[in-house]
Amino acid sequence: MKATARLVAEARPDGTTRLTTLAGQAPLLLRQTIGDGPADTAQVHLVAGAAGPVGGDELRLSLHLGPGARVRIRSVAAALALPGPQPGESTLDISVRIDSGAALDWNVQPLIAARGARHRTTVRIEMADDARLAWHEQTLLGRHGEEPGSALTRLRIRRAGRPLLDHTLAVGPHYPGSLGPAVVGAGRANSTTVIVDPAWNAVPPADRLRLRLDPRDDAHRAVAVFPLDGPAVVISALAADALELRRLLPAPTAAESD
Amino acid sequence: MSLISLLMLTDSRLPAGTHAHSGGLEAAVAAGRVAEAVDLHAFLLGRLTTTGPTGAAFSAAALEAASGPDDALLAELDAEYEARTPSPAQRRASRKLGRQLLRAVRAGWPGPALAAASVVHPDGPHQPIAFGAACAAAGVSPHDSALASALGAVTGPANAATRLLGIDPDTVTAVLAALEPHIQDTADAALKAALGPVSEFPSFSALRLDISAEHHSTWEVRLFAS
Chain B
7 MKATARLVAE ARPDGTTRLT TLAGQAPLLL RQTIGDGPAD TAQVHLVAGA
57 AGPVGGDELR LSLHLGPGAR VRIRSVAAAL ALPGPQPGES TLDISVRIDS
107 GAALDWNVQP LIAARGARHR TTVRIEMADD ARLAWHEQTL LGRHGEEPGS
157 ALTRLRIRRA GRPLLDHTLA VGPHYPGSLG PAVVGAGRAN STTVIVDPAW
207 NAVPPADRLR LRLDPRDDAH RAVAVFPLDG PAVVISALAA DALELRRLLP
257 APTAAESD
Chain S
344 MSLISLLMLT DSRLPAGTHA HSGGLEAAVA AGRVAEAVDL HAFLLGRLTT
394 TGPTGAAFSA AALEAASGPD DALLAELDAE YEARTPSPAQ RRASRKLGRQ
444 LLRAVRAGWP GPALAAASVV HPDGPHQPIA FGAACAAAGV SPHDSALASA
494 LGAVTGPANA ATRLLGIDPD TVTAVLAALE PHIQDTADAA LKAALGPVSE
544 FPSFSALRLD ISAEHHSTWE VRLFAS
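Chains as they are written, first to last, in this note's numbering: chain B, 7 to 264; chain S, 344 to 569.
Possibly wrong hints are sitting among the right ones.
To be verified - With beta-carbon atoms standing in for the labels, derived distance ranges:
(1) S:GLN527 to B:GLN38: 46 to 54 Å
(2) S:ASP466 to B:ALA166: 16 to 24 Å
(3) B:ARG18 to S:PRO465: 41 to 49 Å
(4) B:ASP42 to S:GLU543: 18 to 26 Å
(5) S:THR516 to B:ARG121: 49 to 57 Å
(6) S:GLU543 to B:ALA225: 50 to 58 Å
(7) S:HIS486 to B:GLN92: 29 to 37 Å
(8) B:GLN115 to S:THR505: 44 to 52 Å
(9) S:GLN527 to B:ARG24: 50 to 58 Å
(10) B:ARG164 to S:LEU346: 36 to 44 Å
(11) B:PRO179 to S:ALA521: 40 to 48 Å
Simulated from the structure, these hints should not be mistaken for laboratory data.
No residue lacks a Cβ here, since even glycine has one placed at the ideal position from N, Cα and C.
Let's have the full structure, built from the sequences with the hints guiding it.
Here it is as structure tokens:
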């Protein structure tokens with residue numbers, strides 16, 4: 007299947023956010039929902055309108071947050087990547103633009119790469135220097151007790167026209183060496199969290215997060231906080247399974263900038 | 344193009360400080376993740392397929408940029424490599440290795456390529472940028488530069504393995520030799536990537552190495568700097 011979804015958000019004069027475009031196609035559907043987050047933020051749920059992604063699927067999602075707009079993206083369920091009838095990977099390309107003063111909070115349910123699946127997610131974010139971002143993504147290799155599938159996730163962020171982060175994690179049997187001790191070993195769950203918040207110029211965010219996260223490098227649970235140039239951090243976590251990953255990241259870290 | 348220069352640049356006795364770095368192997372051995380030859384092979388393959396293509400693509404591109412020299416392109420390459428290295432411990436190690444390499448190479452092949460690379464950042468260029476500039480100064484081809492960079496992704500930790508694991512150096516040689524086709528594939532893919540825009544260059548992360556690097560850098564007693 008090929009599907010495209012698009013969201014455009016604008017700030018109203020009163021500071022609340024209006025979604026001027028909210029369009030999707032199965033299996034990539036967007037629904038506006040009422041959230042428990044800040045009232046000035048528009049919340050949207052990703053809803054899977056069909057199984058998948060399935061090998062061969064090409065999905066595209068574009069988000070544009072105009073100046074001052076605030077958007078929160080959630081999902082109703084985990085995405086289960088499955089092998090398709092044809093060989094080949096499924097792809098999801100996400101392109102994001104966050105204009106001056108706007109804020110995106112993205113925290114969706116995990117992508118699960120089922121046995122035999124090959125999925126690729128590419129995220130490209132362009133953000134203004136005074137825009138905010140909280141991005142949280144999780145990948146699980148295989149369903150419970152299942153052999154791992156393969157998943158590649160590339161997250162590229164440019165802030166004020168300069169590269170802030172370009173991070174690709176390619177794991178699973180399709181990627182030689184990735185299930186070895188240098189990459190994920192026996193860890194079947196991983197997550198990447200990126201927080202960019204200009205308000206953090208005053209307080210070093212990395213130090214604050216380190217206190218809350220209990221950085222460790224154990225066999226079943228590993229996490230580290232990496233401060234980037236500017237008011238930004240990456241939190242990388244690796245765990246034996248989804249349960250251990252939740253133990254590792256107990257706080258709603260992705261909502262940190264709310 | 345000089346084969347002799349290439350061999351000199353990749354000689355582990357070149358005083359560029361690589362012997363002080365284990366490429367994350369010290370932390371992996373201490374945690375019990377690497378204990379035998381089979382683990383070492385898996386570890387090196389994981390390093391080769393992650394840091395390998397990234398370093399090789401940036402080396403080949405930096406060689407071309409330093410040949411001009413094109414100062415703006417060198418700065419762009421350094422900034423893009425920085426964005427691909429989230430771990431501060433790995434950033435520090437990479438810039439230190441870059442500085443030391445330029446210093447060592449300057450004695451043999453002084454010239455504008457090294458001078459241009461040395462001013463790319465106050466702490467020195469990232470290692471692949473410095474290696475590309477060194478190859479430009481010494482007349483090494485982009486192909487050989489990518490190959491040597493990919494090889495370097497595994498020879499450093501392999502040399503450290505004999506000290507850390509106490510295994511027979513012949514065994515380590517056998518592990519390295521088995522990686523030969525992967526090293527060639529890595530260099531070929533990196534060279535292809537280096538022809539495209541810098542924004543599309545590989546950015547593969549070795550997740551456990553990234554996390555361990557931060558923890559390892561806080562150890563009070565360690566044999567290797569990284």
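Checklist entry - Where does the structure disagree with the numbered hints, that is, which hint numbers, in rising order? => result 4, 5, 6, 11
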